[in-house]
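Chain residues, written in single-letter form:
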Amino acid sequence: MSKVIKRSELSNLINDGDTLLVGGFGLSGTPFTLIDELATLGKKDLTVVSNNLGEKDKGLGILLHTGCLKKAVGSYFTSNRDAVNEWSKGNLEIELVPQGTLAERIRCGGAGIAGFYTKTAAGTKLAEGKEEKEFDGETYILERAIKGDVSLIKALKADTKGNLVYDYTGRNFNHVMATAGKTVIAEVDEIVEVGELSPYEIVTPHVYVDYLVMNNYVKIGGRYVVAGE
Amino acid sequence: MSKVIKRSELSNLINDGDTLLVGGFGLSGTPFTLIDELATLGKKDLTVVSNNLGEKDKGLGILLHTGCLKKAVGSYFTSNRDAVNEWSKGNLEIELVPQGTLAERIRCGGAGIAGFYTKTAAGTKLAEGKEEKEFDGETYILERAIKGDVSLIKALKADTKGNLVYDYTGRNFNHVMATAGKTVIAEVDEIVEVGELSPYEIVTPHVYVDYLVMNNYVKIGGRYVVAGE
Amino acid sequence: MSLESRIKIAKRVAQELSDGDTVNLGVGIPTLIPDYLGDKKVELQSENGILGMGPTPDEENVNMDLISASKHPVTLDVGASIFDSSDSFVMIRGGHIDVAVLGVLQIDQYGEIANWAIPGKDILGVGGAMDLVAGAKRIIVASMHQAKDGKPKLVEKLTFPTSGNGRADMLITEHAVFKFTENGAELVEQLSDLSLEELQEITGAPFTYQDSVVNR
Amino acid sequence: MSLESRIKIAKRVAQELSDGDTVNLGVGIPTLIPDYLGDKKVELQSENGILGMGPTPDEENVNMDLISASKHPVTLDVGASIFDSSDSFVMIRGGHIDVAVLGVLQIDQYGEIANWAIPGKDILGVGGAMDLVAGAKRIIVASMHQAKDGKPKLVEKLTFPTSGNGRADMLITEHAVFKFTENGAELVEQLSDLSLEELQEITGAPFTYQDSVVNR
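From first to last, the protein sequence lines are chains A, B, C and D.
For the first sequence, the numbering used here assigns the number 229 to the last residue and increments by one with no breaks.
For the second sequence, the numbering used here assigns the number 229 to the last residue and increments by one with no breaks.
For the third sequence, the numbering used here assigns the number 216 to the last residue and increments by one with no breaks.
For the fourth sequence, the numbering used here assigns the number 216 to the last residue and increments by one with no breaks.
So here's chain A without its partners, still in its complex pose (with noise of 0.2 Å):
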């Protein structure tokens, strides 16, 4: 009944063509080893739902050298050259989501709620396509739940339930990302006895996660690093 895997069985877990929740928020929050085991499986076709594509050669941006990606829902993805050489080139597709609607769209996916309605980008090029309703005269766009296939998020601990705690702003998007996956793996730093974490303390209720990874970085100095030998 544990919920620890090997990383090695993350290529059981992800199927091509799978939509991929991925955490974190430029680097923070990012689950480093999975997203480095998902760079050697040959997936093709995925669909991966971030905030941003990590960074040139960092996070997920590895996965830009892989061609396993089709498409990218996110933020930002202006400060990852790569990305935008491969979206150039037209190996990418790239839908472009305000930060807010994108949290939401997740959290949406999670609750069982369809769709929902947001001044954000009203008015905008990223309205296109995209219902106009009035409400108290003013217009909003509905906006689509989204839901992974696979989550992939990143937590500071979890106890041997899969009851998660996020590092400060390593939080971001992970835990609306354990609620919208199919499948959610967590990868964390540390695993602890259950009832270490207290009922308060508690993010991410382990309801919401299938599986765990122990991290193969450890962070030193505020960054993480590769484990030394």
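Hints are computed from structural coordinates only; laboratory data are not their basis.
Positions of the beta carbon are idealized from the N, C-alpha and C atoms, including for glycine.
Careful: at least some of the hints might be erroneous.
For the chain C half of the interface with chain A, some residues (derived, Cβ under 10 Å), not all of them [unchecked claim]: (1) T22; (2) L51; (3) G79; (4) F83; (5) S86; (6) D87; (7) I92; (8) A134; (9) M144; (10) A147; (11) Q190.
In the DSSO-like style, the derived pairs of lysine-lysine whose C-alpha atoms are separated by at most 30 Å in a straight line are [unchecked claim]: (12) A/K133 / D/K137; (13) A/K157 / C/K40; (14) A/K56 / D/K148; (15) A/K147 / B/K130; (16) B/K125 / C/K137; (17) B/K133 / A/K130; (18) D/K40 / A/K125; (19) B/K147 / D/K151; (20) D/K121 / A/K70; (21) D/K71 / A/K125; (22) B/K133 / C/K157; (23) C/K40 / B/K130; (24) C/K157 / A/K182; (25) B/K147 / A/K130; (26) B/K89 / C/K121.
With chain A's structure known, arrange chains B, C and D on it following the hints.
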């Protein structure tokens, strides 16, 4: 700059005809002191949004004897016979809302979301008059955001900035109601110095809280009783 | 509504639950289930914001801000977590509850549920009933076979207001276990010594069955 | 874009902020503002999940999981709280941010903002710009008066893609402070020794003014 006010100042913060969001589930997480005060004010035509109207002569139940209520919006009124009676006599309008829809409508009110599509209640009497829409072959109904003029909520502790933490299931609707009221008044058992609540522990950040009122009750044997003199 | 029958139903529902299942128990018979789980560990979810709800506390450990959805004082199991109402219904409506065990006023032959309102009576309470019907992965209805007035709970067509488009997977009464599919109700187990004919007589809808499950 | 001008703008914006305001600062000039607040205590909100963001830590206290929306390491002020992205945008989109200070590519005479995309260039980043434009109670635009190519930022009609229906309340440049109403832009303060005519020449939209505020 202190947010702490006396309960007697409630009178100036609530107007006839206002919509009040009042926290609590059953009698848990209920702002008893604020409700006691409200019962004395002689306000008129108030709409109260709360999961239930307390119990007979307890919590929000006491307002049923004051003539201040025009309408109640919530999920469960059956258990308070006074509410049922007032409704039968035509003295009280009731809008019945599934509990999850109620929580989500209030959250939307606080989040700038005008409405959302849920499967809950689709095809039922509670969907009458609501817009239906198909998503992926299933029927959803449009539910609208709820906002309040004033939120009366109950927390366990505040810091002097107004950051809030709750006692177990006393959290219930209180947090979302803090986000969705134009004016938000939190009744608390204790006010601590800023810094005593950790950044991880805070459930409701101070930005949502306008005023703090000290609870007039003390908890003895797990139940709130009037403070002895 | 004898306690014995209610316990029989609770025990039979308990058999349907698996170790590790996240379960939301409605009011009435479902609340008896935790006593009959044996070694099975299920995670009880309570819509007022608990995952991992534990048993009733001693009087001295009562805190009326730690209560169940039925508003009774409870405790927390080890590994439990607390959340607000909106997050609780993310869990319920988002399909994260493995099993909801609900009572009913009526249930139709396809598993459509009526569990919140009686026609002609004041309709002033719904609670989380419709949210659970819409959101739970699997719904088991635990109910006496007949209402207090003797009318069958399982009917061809609901005459009470529906609780939504979600369908029950199973109905467990003191007399029988039914499964629901698109083709209607199937009797999968008899739990009392009623003959098939007697069972049919107190049941308001047709049902299929394999010969092997029928009392002879 | 001289540092001196940028600091001048940051200082002037700082005057607009009040003790206790909850403020979200965009990238660029807005990030300079905290240095010029003096005794004023504002609450900095960061869209990646902080209320109460503090200054940059010493190198030894850096944690790259405690960063600003600009992805730089930060600290927490006393009384700060941490939340996830969805809750952060409840705060931003629900109207709970008192002031958003944003940069712009263009702004029209009614305060409509273009701050995310340049026509004909790759449009691959929007971040939280549109959420802030839609949700902040008050928007102050902090910007150099002219773009790098010398074109005015304040224009009659946007030629760059709009960031939404939300409007700025104020524009602060190194030369002037404008307020926006339904009637258009009003010059409320000159911040450099440009003559009115010189200011008009480098500004792309008409604006009104009271005689008292104009350099003579």
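Here is how each hint holds up against the structure:
Interface restraint check for C/T22: the shortest CB-CB distance to chain A comes to about 5 Å, inside 10 Å, so the restraint holds. For C/L51, the suggested interface contact is upheld, since its CB lies about 5 Å from the closest CB of chain A, less than 10 Å. With a cut of 10 Å, the hint placing C/G79 at the interface with chain A holds, because the nearest CB-to-CB distance is about 4 Å. Contact between C/F83 and chain A, as hinted, is supported at the beta carbon level, the nearest pair being about 7 Å apart and thus within 10 Å.
Because the closest C-beta pair between C/S86 and chain A is about 9 Å apart, less than 10 Å, the hint holds. Taking 10 Å as the C-beta cut-off, the interface hint given for C/D87 holds, the closest approach to chain A being about 9 Å. For C/I92, the shortest C-beta to C-beta distance to chain A is roughly 8 Å, which falls under 10 Å, so the interface hint holds. A cut of 10 Å between beta carbons decides the hint on C/A134: the least distance to chain A is about 7 Å, and the hint holds.
A hinted interface residue such as C/M144 counts as satisfied when its beta carbon comes closer than 10 Å to some beta carbon of chain A; here the least separation is about 31 Å, so the hint is violated. Violation of the interface hint for C/A147 is found here, the shortest Cβ-Cβ separation to chain A being roughly 31 Å, above the 10 Å cut-off. At about 34 Å, the closest approach between the beta carbon of C/Q190 and any beta carbon in chain A exceeds 10 Å, and the interface hint on this residue is violated. Of the supplied pair hints, the one linking A/K133 and D/K137 holds, its CA atoms being roughly 22 Å apart against a limit of 30 Å.
Note on A/K157 and C/K40: the hinted pairing holds, with a Cα-Cα distance of about 27 Å set against a maximum of 30 Å. Distance restraint check for A/K56 and D/K148: the Cα-Cα separation of roughly 27 Å lies within the 30 Å cut-off, and the hinted pair is therefore satisfied. Of the supplied pair hints, the one linking A/K147 and B/K130 holds, its CA atoms being roughly 26 Å apart against a limit of 30 Å. Between the alpha carbons of B/K125 and C/K137 the distance comes to roughly 23 Å, so the proposed pair stays at or under 30 Å and holds.
The suggested pairing of B/K133 with A/K130 holds, with an alpha-carbon distance near 15 Å, which does not exceed 30 Å. Restraint check for D/K40 and A/K125: not satisfied, since their Cα atoms lie roughly 38 Å apart, outside the 30 Å limit. For the given pair, B/K147 sits about 43 Å from D/K151 by alpha-carbon distance, which is inconsistent with the 30 Å threshold. Distance hint between D/K121 and A/K70 is fulfilled; the C-alpha atoms sit about 22 Å from each other, no more than 30 Å.
Distance check on the hinted pair: D/K71 and A/K125 sit about 26 Å apart at the alpha-carbon level, within 30 Å; holds. A C-alpha spacing of about 25 Å is found between B/K133 and C/K157, which places the hinted pair at or below 30 Å, so the restraint holds. A threshold of 30 Å between alpha carbons decides the hint, and for C/K40 with B/K130 the separation of about 43 Å lies outside it, so the pair is violated. For the given pair, C/K157 sits about 34 Å from A/K182 by alpha-carbon distance, which is inconsistent with the 30 Å threshold.
Between B/K147 and A/K130, the direct Cα distance comes to roughly 26 Å. Compliance with the 30 Å bound is thereby established for this hinted pair. Restraint check: the Cα-Cα separation between B/K89 and C/K121 comes to about 14 Å, which is no more than 30 Å; the hinted pair holds.
Comparing the model with each earlier hint shows violations of hints 9, 10, 11, 18, 19, 23, 24; every other hint is respected.
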